[in-house]
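Number of protein chains: 2
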Amino acid sequence: MLTIIPVRGIPDIKKGDDLGRLLVTRLKEQGDTFQPGDITVVAQKIVSKAEGRVVSLSRIAPSDFAKTIASNVGKDPRQVEVILRETEKMVRMKGGHLITETKQGFICANAGVDQSNVGDRDSVTLLPQDSDASADRIRKTIHEITGRIVPVIVTDTFGRAWRMGHVNFAIGVSGMKPIHDYRGTKDMYRRTLKVTEMAVADELACAAELVMNKADRVPAAIIRGYKAPKGHGRAKDLLRPEEIDLFR
Amino acid sequence: MLTIIPVRGIPDIKKGDDLGRLLVTRLKEQGDTFQPGDITVVAQKIVSKAEGRVVSLSRIAPSDFAKTIASNVGKDPRQVEVILRETEKMVRMKGGHLITETKQGFICANAGVDQSNVGDRDSVTLLPQDSDASADRIRKTIHEITGRIVPVIVTDTFGRAWRMGHVNFAIGVSGMKPIHDYRGTKDMYRRTLKVTEMAVADELACAAELVMNKADRVPAAIIRGYKAPKGHGRAKDLLRPEEIDLFR
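Line order of the protein sequences matches chains A and B.
If you read the first sequence in the working numbering, its first letter stands for residue 2, the second for the next number, and so on.
If you read the second sequence in the working numbering, its first letter stands for residue 2, the second for the next number, and so on.
Watch out, some of these pointers could steer you wrong.
Repeated chains share a single entry, so a pair holds when one copy, or any two copies, can fit it.
As the list claims (entries may be wrong) - Here are the computed lysine-lysine pairs in the DSSO-like style, where the Cα-Cα straight-line distance is at most 30 Å: (1) K68 / K178; (2) K16 / K104; (3) K90 / K29; (4) K237 / K95; (5) K104 / K15; (6) K187 / K29; (7) K95 / K178.
Derived from the structure by calculation, the hints contain no laboratory data.
Put together the whole structure using the sequences plus the hints.
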């Protein structure tokens with residue numbers, strides 16, 4: 002059996018806040034503590050805020066290129082300027098959507114630049130500069146305070162090709178491998194499984210999202226009872242190299 | 002808090018087996034019963050077997066077209082013949098991969114035709130003909146036996162564009178809406194959320210997969226403590242129409 006515990010009552014996060022410490026405190030205040038094997042899932046939004054990855058649009062002077070794209074897709078030119086600065090490659094631009102590859106290698110809408118849940122209405126958040134490093138920092142703090150070795154996943158909600166709706170995906174991983182490799186194991190008829198590498202960090206991100214909530218203050222969750230694949234993995238392991246990607 | 006309970010000890014499924022009844026029995030045998038609000042998640046493999054969606058390759062005579070494609074992608078021509086019969090449109094054929102749109106509208110590898118966990122080594126399973134109807138049948142049986150109204154999700158593991166590894170997705174839904182529509186609700190600063198439609202049926206499928214297991218006999222799970230979006234939805238609601246899809 003697996004349980005997913007929302008971490009409630011996390012206050013408005015400001016630059017410099019120590020998320021690892023905050024998670025330990027909040028979990029304690031709801032009568033719980035980190036258990037061996039717990040996995041901590043943290044939403045990108047609070048990680049970005051704690052790391053100061055917030056940009057005030059009033060300070061952005063859009064380039065002519067940004068203005069052109071903005072008029073094509075019907076967005077604020079200043080926001081497009083910020084998106085372009087976060088973008089490594091443009092993947093698709095159509096129907097009001099900008100799908101880009103971020104400098105970290107994530108393929109998502111608007112390079113992860115987002116306006117929701119930012120206090121200042123003229124500001125946007127950027128993805129963490131290195132979300133694997135963000136996950137590392139949170140994991141280390143939890144370890145220092147509690148003595149527990151707890152894998153950490155930083156997540157963001159992404160759209161998908163072919164399917165409607167967003168789901169939560171892992172954009173930062175620390176303390177586990179994000180992929181469970183079943184190749185070589187036997188199926189129930191003792192036949193070797195050909196596939197399957199399961200992207201368990203993405204599945205854990207999805208599972209946690211079911212108790213997290215955009216509108217309420219639940220930007221983190223603990224998953225208890227899952228045996229994470231051991232090893233030193235990164236969210237980067239989840240990125241399909243362009244040369245073996247059929248859809249770029 | 003949300004809990005995910007594996008349903009263990011499900012025997013080898015044969016054509017005509019009553020999965021709804023079997024799930025009720027097995028859950029009872031592990032000292033549990035369906036609770037109000039429980040969501041039942043069932044792997045496609047046992048649904049297909051119960052519905053007789055198993056094909057013996059020895060009875061398949063591949064067409065010349067299937068033989069040509071088979072030699073291109075390095076697959077068994079008989080298996081390619083079966084894949085083609087399940088295919089509405091070919092989406093990509095490259096590097097040994099066949100990505101197709103199934104007659105139901107799912108975009109996945111090999112039209113969902115799969116060799117793993119089939120007793121007869123010369124046989125393959127097909128996806129259910131109508132996996133929403135499959136979910137309906139299981140839900141109705143559970144309701145008849147227990148009196149509980151329990152949403153049902155049928156799942157399969159799919160690859161994704163841009164990301165490594167497979168995840169579990171919903172291919173059949175009954176008794177709930179697969180998408181939670183947040184549009185119009187306020188964020189924590191009382192600003193209206195622009196996005197977000199969350200594909201919660203896919204997230205529930207991912208969550209369940211964490212306790213299911215390809216090699217062991219855990220082809221089903223119960224998710225307890227999640228408020229599924231009410232209404233009459235179908236997995237088809239998760240399919241992005243081609244005209245608004247940027248990646249076909």
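Structure-based check of all given hints:
In this assembly of identical chains, the alpha carbons of K68 and K178 never lie at most 30 Å apart, being 41 Å within a copy and 39 Å across copies at closest. Proximity of K16 and K104 under a CA criterion of 30 Å is satisfied intra-copy only: 22 Å inside one chain copy versus 51 Å between copies. For the homomeric pair K90 and K29, neither the shortest alpha-carbon distance inside one copy (43 Å) nor that between copies (54 Å) is at most 30 Å. Taking identical chains as interchangeable, the C-alpha atoms of K237 and K95 lie at most 30 Å apart whether they share a chain (27 Å) or sit on different chains (24 Å).
Proximity of K104 to K15 under the C-alpha cut-off of 30 Å is restricted to the intra-copy arrangement: shortest distance 24 Å within a copy versus 50 Å between copies. Taking the shortest alpha-carbon separations for K187 and K29, only the inter-copy value of 29 Å comes in at or below 30 Å, while the best intra-copy value is 42 Å. Proximity of K95 to K178 under the C-alpha cut-off of 30 Å is restricted to the inter-copy arrangement: shortest distance 28 Å between copies versus 35 Å within a copy.
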